[in-house]
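Chain P is fixed; fit chain A onto it per the hints.
The primary structure of each chain is shown beneath.
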Amino acid sequence: MTSSSFAIRDSATMLRRQLRHMQRYPSMTLMIIAMPVIFLLLFVYVFGGIMGAGLGGATAGRALYVNFVTPGILLITVGGGATGTAVSVAMDMTEGIVARFRTMAISRASVLTGHVVGSMIQSLLSVTAVIALALLVGFRPTAGPAGWLAAIGILALFVLGVTWLSVALGLISKSAEGASNLPMPLLILPFLGSGFVPAGSMPAGLRWFAEYQPFTPVINSMRDLLFGIPVGNNAILAIAWGAGITLGSYLWAVRLFRRAPVRYAGA
Amino acid sequence: MTSQLSRLAIVAAGLRMSYGDKIVLDGIDLQVAAGSIFALLGPNGAGKTTIVHILSTLISPDGGDVQVAGHDLVREADAVRAAIGVTGQYSAVDKLLTGEENLLLMADLHHLSRAEGRRRAADLLERFDLVDAAKTMAATYSGGMRRRLDLAMTLVGEPRIIFLDEPTTGLDPRSRKATWQIVRDLAARGVTIFLTTQYLEEADELADRIALLDHGVMIAEGTAEELKRLIPGGHVQLRFADVAGLDAAYAAVGGGSRDENSLILQVPSDGGVQSLRSLLAKLDDRSIEIAEMSVHTPDLDDVFLTLTGNPCQPDLGRPDIELESAR
Chain P
-13 MTSSSFAIRD SATMLRRQLR HMQRYPSMTL MIIAMPVIFL LLFVYVFGGI
37 MGAGLGGATA GRALYVNFVT PGILLITVGG GATGTAVSVA MDMTEGIVAR
87 FRTMAISRAS VLTGHVVGSM IQSLLSVTAV IALALLVGFR PTAGPAGWLA
137 AIGILALFVL GVTWLSVALG LISKSAEGAS NLPMPLLILP FLGSGFVPAG
187 SMPAGLRWFA EYQPFTPVIN SMRDLLFGIP VGNNAILAIA WGAGITLGSY
237 LWAVRLFRRA PVRYAGA
Chain A
242 MTSQLSRLAI VAAGLRMSYG DKIVLDGIDL QVAAGSIFAL LGPNGAGKTT
292 IVHILSTLIS PDGGDVQVAG HDLVREADAV RAAIGVTGQY SAVDKLLTGE
342 ENLLLMADLH HLSRAEGRRR AADLLERFDL VDAAKTMAAT YSGGMRRRLD
392 LAMTLVGEPR IIFLDEPTTG LDPRSRKATW QIVRDLAARG VTIFLTTQYL
442 EEADELADRI ALLDHGVMIA EGTAEELKRL IPGGHVQLRF ADVAGLDAAY
492 AAVGGGSRDE NSLILQVPSD GGVQSLRSLL AKLDDRSIEI AEMSVHTPDL
542 DDVFLTLTGN PCQPDLGRPD IELESAR
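Chains as they are written, first to last, in this note's numbering: chain P, -13 to 253; chain A, 242 to 568.
Extracted from the complex, chain P is given alone in its bound form (with noise of 0.2 Å):
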């Protein structure tokens, strides 16, 4: 009981210090927000227009299209938040820092719970800045306090999962470069799903991919409940791909942080 009171209280002192290394290295944060914002304006006042009237409806292009994009805009914010915690992960794991940790008396999973709780509030974050930027540009959501709260918790879920992920990512790389690009697919995965454009728009062996791949669900089940549209089997597949991206990452995480051999950056 004592030891699960102070693996929480030693995860407290590891958010606060990760929470600490943000204030002090803000242009990591600002990049991860910039990254989104970038990307929805030339989404939305580049392509929009044709985009919009691809989905139907000259008259209505580029505003139709603003609220289709976002939440794969959304996804796309995750992505880079992935990549910026395993940078940062990497980074830590190269420092005498968690040497020390190692010889002492707290919870081992801390270090690493620090730093989720840590990644998770950045993204979060990102997420807020992008959703709000996107409503200045158009975003015209319909649905109630419910379905935004159904949406920001399915997102919340798979941020989890992506987060674990990319911390286990960050813990294989030997350096901050090499974790900087092992969460490149996160990236990439929105456009080769529903993010950007319909997947049945796609050729067949593409869009094969683009239906089972798990940002697809995620996306179409955002819209959807933004939308008032009934979401179908796309919530629970949603779901089920952050429940279990989460626990297995967690675990292959936890093993790895387990194992890792001592390594220094040097002196």
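Do not rely on the hints blindly, as some may be mistaken.
To be verified - Computed spacing ranges between beta-carbons, pair by pair: (1) Asp306(A) <-> Leu135(P): 53 to 59 Å; (2) Lys263(A) <-> Glu163(P): 40 to 46 Å; (3) Thr114(P) <-> Gly384(A): 39 to 45 Å; (4) Gly261(A) <-> Val123(P): 55 to 61 Å; (5) Lys376(A) <-> Ser161(P): 28 to 34 Å; (6) Ala(-7)(P) <-> Met378(A): 46 to 52 Å; (7) Arg360(A) <-> Phe213(P): 40 to 46 Å; (8) Gly411(A) <-> Val123(P): 54 to 60 Å; (9) Lys376(A) <-> Ser187(P): 55 to 61 Å.
Please keep in mind that the hints were generated in silico from the structure rather than gathered at the bench. Small disclaimer: the values here were computed from a predicted structure and weren't measured. Ideal Cβ positions, reconstructed from N, Cα and C, are used throughout, including at glycine.
Below, chain A alone, put in the same frame as chain P:
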């Protein structure tokens, strides 16, 4: 037996470790008395850091029994961790936090109350001369300051046993002396210190007991005095103004090795006052003038070089002179 064991802070028996087919530690036995300073001395690659990593629960050994602070290293790792503090070779400070925040982080992880944490942090900042730098990020610290902060962080939890892995490597002489003083102060408070070093002087200066490690094998262990006694080779070195003086002295003493080129006579001696007095009396009786005299007692350098069989030092005494005289 039990009471003896309880006075031992660290007991290791048959410690083995290898990476692939490279044997890093080949059956190490260690006993460190509580409250003492123990130095592990050896060249780079001897296995010193590996031993520290094992004893501080960072890595598990391939074999051997180890007890630290009375707890089994493998089965009771957390109890061991609660009793130890480690300052490694590379700085283990959080560079993005200030000095004070680093210390408070340690206080939080030791589950101290806020007030107690602040008290210890303030005290350590004072003790380690970091008050002025307390509010600046550790990334801006000099190497010496980072070492001091590192050590201060180790002390926040008031560990009973402290591991210091090459604590003075890369420090300037002044910082090195300051670190020595800190180590002595800790030992005076009853803390057990396990330190590794490449510097014979450091081990000689600080340690109650010294173990010599070479290629993963413990080649000698004892007090500095005991180790020095392993080697005969103390001598008195006498230099004369001319060959006549040298020859006369050689005849008077009736032994030693003489070198005509440098006009030096080496006489085996334990370096004690009594033997020096009788040596000088013999020369005085014959009115032989000595130009220069020095007493050489064997130091740990001699011990280490002899035991590891360093090819540069083929003999026990002062080989340079003996070799020249043999020409």
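Evaluated hints:
About 57 Å separates the C-beta atoms of Asp306(A) and Leu135(P), a value consistent with the hinted range of 53 to 59 Å. At roughly 29 Å, the beta carbons of Lys263(A) and Glu163(P) sit outside the given window of 40 to 46 Å. Taking 39 to 45 Å as the suggested C-beta distance range, the pair Thr114(P) and Gly384(A) conforms, at roughly 42 Å. Distance hint check: the CB atoms of Gly261(A) and Val123(P) are about 59 Å apart, consistent with the given range 55 to 61 Å.
One distance hint, 28 to 34 Å for the beta-carbon pair Lys376(A) and Ser161(P), holds here, with the actual separation near 31 Å. As the Cβ distance of Ala(-7)(P) to Met378(A) is approximately 29 Å, the hint placing it in 46 to 52 Å is violated. Distance hint for Arg360(A) and Phe213(P): a CB-CB separation of about 58 Å, inconsistent with the stated range 40 to 46 Å. Checked against the given bound of 54 to 60 Å, the beta carbons of Gly411(A) and Val123(P), roughly 56 Å apart, stay inside it.
Separation of Lys376(A) from Ser187(P) is about 58 Å and conforms to the stated range, judged on CB atoms against 55 to 61 Å.
Of the numbered hints stated above, those contradicted by the structure are hints 2, 6 and 7, listed in ascending order.
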